[in-house]
Each structure stands twice: as C-alpha cells, then as structure tokens.
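S.K.: One letter stands for each residue in the lines below.
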Amino acid sequence: MSKQLDIKYRDKEYKLEFTRKSVEIMERQGFVASDVDEKPMTVLPALFAGAFIANHRYINSKLIEEIYEHMRNKKELIGKLTEMYNEPINALLDEPEDEEGNAEWTASW
Amino acid sequence: MDGELVSSSPSYEKEGEYKNSSSFVTYTEKFYADFPYYLSIGMTYDLYWNGDASLPIYYRKADKMRNDRKNQEMWLQGAYIYDALCCVSPIFNPLAPKGTKAIPYISEPYALTKEEAKDKKEKNEIKNDAKALNFMEIFMIENNKKFAKKNTENTGGENNG
Numbered sequence: 004m005s006k007q008l009d010i011k012y013r014d015k016e017y018k019l020e021f022t023r024k025s026v027e028i029m030e031r032q033g034f035v036a037s038d039v040d041e042k043p044m045t046v047l048p049a050l051f052a053g054a055f056i057a058n059h060r061y062i063n064s065k066l067i068e069e070i071y072e073h074m075r076n077k078k079e080l081i082g083k084l085t086e087m088y089n090e091p092i093n094a095l096l097d098e099p100e101d102e103e104g105n106a107e108w109t110a111s112w
Numbered sequence: 003m004d005g006e007l008v009s010s011s012p013s014y015e016k017e018g019e020y021k022n023s024s025s026f027v028t029y030t031e032k033f034y035a036d037f038p039y040y041l042s043i044g045m046t047y048d049l050y051w052n053g054d055a056s057l058p059i060y061y062r063k064a065d066k067m068r069n070d071r072k073n074q075e076m077w078l079q080g081a082y083i084y085d086a087l088c089c090v091s092p093i094f095n096p097l098a099p100k101g102t103k104a105i106p107y108i109s110e111p112y113a114l115t116k117e118e119a120k121d122k123k124e125k126n127e128i129k130n131d132a133k134a135l136n137f138m139e140i141f142m143i144e145n146n147k148k149f150a151k152k153n154t155e156n157t158g159g160e161n162n163g
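Quick mapping for you: the protein sequence lines, in order, are chains A and B.
When we follow the numbering used here, the leftmost residue of the first sequence carries the number 4, and every step to the right adds one.
When we follow the numbering used here, the leftmost residue of the second sequence carries the number 3, and every step to the right adds one.
The set of hints was computed from the structure by calculation and includes no laboratory data.
Be aware that a few hints might be false.
Straight line, CA to CA, 35 Å or less: simulated DSBU-like cross-link-like pairs of lysine-lysine [what the hints assert, rightly or not]: (1) A/Lys24 x A/Lys77; (2) A/Lys15 x A/Lys78; (3) B/Lys66 x A/Lys24; (4) B/Lys63 x A/Lys83; (5) B/Lys66 x B/Lys122; (6) B/Lys120 x A/Lys24; (7) A/Lys65 x A/Lys42; (8) B/Lys66 x A/Lys18; (9) B/Lys63 x A/Lys18; (10) A/Lys78 x A/Lys18; (11) B/Lys66 x A/Lys83; (12) A/Lys6 x B/Lys116; (13) A/Lys24 x B/Lys122; (14) B/Lys116 x B/Lys63; (15) B/Lys120 x A/Lys6; (16) A/Lys65 x A/Lys24; (17) B/Lys133 x B/Lys120; (18) A/Lys6 x B/Lys133.
None of the values given here were measured: they were computed from a predicted structure.
Based on the provided sequences and hints, a complete structural model is requested.
M.R.: Structure below.
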C-alpha cells in the first residue's frame with residue numbers, strides 16, 4: 004500500500020499521495036527533487052500542492068493554499084511529503100539479491 | 003536530493019539500446035526508462051502511472067515467481083523426456099537381440115509433494131498386499147486340491163486292500 008496523507012478540512016476529506024504521473028507533472032512544471040534537501044521550506048508549498056494531483060487534480064489552488072496555511076507541524080509535514088514523493092522512484096529500485104557481500108550502513112541522525 | 007539513482011531494473015532508450023540507470027537526471031526519465039519492462043511483465047499503463055506507487059515491487063516479485071515456476075516446469079518436462087528415452091533405448095540398440103522390447107513408461111506422474119509421495123506409497127502397498135493375498139489364495143487352493151487328491155488315493159487304496 005502506497006504512503007498516503009489524509010487531511011480533514013472543513014468537513015471534507017482529502018487523500019494526498021504521489022503517483023508516477025503526478026511526479027511527472029510536477030517535474031514538467033519545474034519542480035526539482037534536489038531542492039527538497041537544499042531549500043525544504045521553500046519547496047514545501049509546491050510539494051504540498053503536488054500531493055493533490057493524484058486524487059484531487061482539479062481542486063482550486065486557492066483552496067490548497069488555504070489548507071496549507073492551516074496545516075500544523077510543517078516541519079514533520081516536509082519529512083512525510085518527501086518520503087511520499089520518493090516512493091514512486093524507490094519502488095522501481097531493486098534490492099540486492101544475495102544476502103552476502105552487501106554493504107552495511109548507518110545514519111548519524 | 004541527488005538525481006543519480008542506482009537500479010538493477012532493465013532500462014531502455016526509445017531505440018531499444020540499454021541505458022545506464024545512474025545517468026538519469028529526473029525521476030521522469032527513470033519512469034519512462036523502466037516503463038517498457040513493467041509493460042512486458044503485465045502491468046498496465048494506468049496501474050504504472052496512476053496506480054499505487056509501490057505496485058512495481060510486487061510485480062517484480064510476481065515475475066520472479068512466474069519465471070521460477072516456468073523453470074521448474076521445463077525441468078520436469080526434461081525429466082519425463084529423459085525417462086521416456088531411457089524406456090525406449092533398448093530397442094534403439096542395433097545390437098539388441100531379436101524380440102527386445104521397450105521398458106514400459108511410468109504408469110502415473112511423479113509425486114511432486116510429500117503428500118502425493120505418501121499416497122503413492124500407500125497405494126503401492128495396498129496393491130502389493132492384494133497381489134500377495136491373491137497368490138496365497140491360489141497357492142492354498144492348489145495345495146488343498148493336491149491333499150484332497152492324495153487323500154482320495156489313500157482311502158481308495160485302503161478300501162481295496
């Protein structure tokens with residue numbers, strides 16, 4: 004099951020997710036994935052709006068901005084949206100077949 | 003985020019040439035590069051572009067299972083062909099004596115699971131028991147006939163004597 008964000012705003016429910024098509028549309032509109040690391044808070048509104056494309060394509064952009072303004076905990080939101088945005092590409096990447104010989108890695112955060 | 007990606011999925015350019023997946027600049031390029039592969043393993047356009055983002059993982063696993071099963075079936079077919087050739091090989095021998103016959107081909111398929119093997123063994127045991135019983139009954143009848151005949155001869159001899 005793909006990662007989804009459920010939002011309830013003014014008694015309406017919105018299901019946010021990224022599909023390969025919605026990522027393609029965002030990139031066509033000029034969205035650059037590397038900006039999420041370099042300038043996360045700058046791209047957050049665009050990332051948030053892009054998450055509506057899959058299931059709420061024709062929603063008014065002013066409404067999206069309004070919902071965004073009322074979203075709490077934006078710091079956690081950027082992390083979740085980034086994970087969701089990368090899911091379509093990560094699903095295309097194979098895991099190494101053999102157990103032996105793989106590189107071990109740990110993160111410092 | 004780094005646009006370079008590492009993948010072992012097959013990637014093809016429009017001309018059909020293989021492209022190194024680490025040279026993709028955008029996610030879209032990678033999506034289009036892998037699209038033919040997922041079409042070839044049964045994923046539809048709509049599922050790939052608009053469906054659940056994690057579906058390709060399961061399509062790849064399903065394709066691997068399909069290939070493993072096909073490989074197993076072909077191996078099994080090879081085993082049956084090998085058996086058949088072994089059975090008829092005596093008659094292919096040009097130096098075989100006249101009247102040489104082929105060995106009968108196996109009368110039922112191989113047991114592929116433990117339960118099938120157990121069933122087969124039980125059936126064979128029942129069959130062998132029935133054969134043995136039949137043999138014993140015939141032997142008993144023949145023996146009884148012999149004894150009866152002998153008794154008749156002895157009794158007849160005593161009466162005459």
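S.K.: It remains to establish, for every hint, whether it holds in the given structure.
M.R.: Going through the hints against the structure:
no.	hint	in the structure
1	A/Lys24 x A/Lys77	25 Å, holds
2	A/Lys15 x A/Lys78	24 Å, holds
3	B/Lys66 x A/Lys24	26 Å, holds
4	B/Lys63 x A/Lys83	27 Å, holds
5	B/Lys66 x B/Lys122	31 Å, holds
6	B/Lys120 x A/Lys24	53 Å, violated
7	A/Lys65 x A/Lys42	23 Å, holds
8	B/Lys66 x A/Lys18	33 Å, holds
9	B/Lys63 x A/Lys18	28 Å, holds
10	A/Lys78 x A/Lys18	20 Å, holds
11	B/Lys66 x A/Lys83	31 Å, holds
12	A/Lys6 x B/Lys116	41 Å, violated
13	A/Lys24 x B/Lys122	55 Å, violated
14	B/Lys116 x B/Lys63	26 Å, holds
15	B/Lys120 x A/Lys6	47 Å, violated
16	A/Lys65 x A/Lys24	22 Å, holds
17	B/Lys133 x B/Lys120	20 Å, holds
18	A/Lys6 x B/Lys133	66 Å, violated
In terms of the numbered hints stated before, the structure departs from hints 6, 12, 13, 15, 18, listed from lowest to highest.
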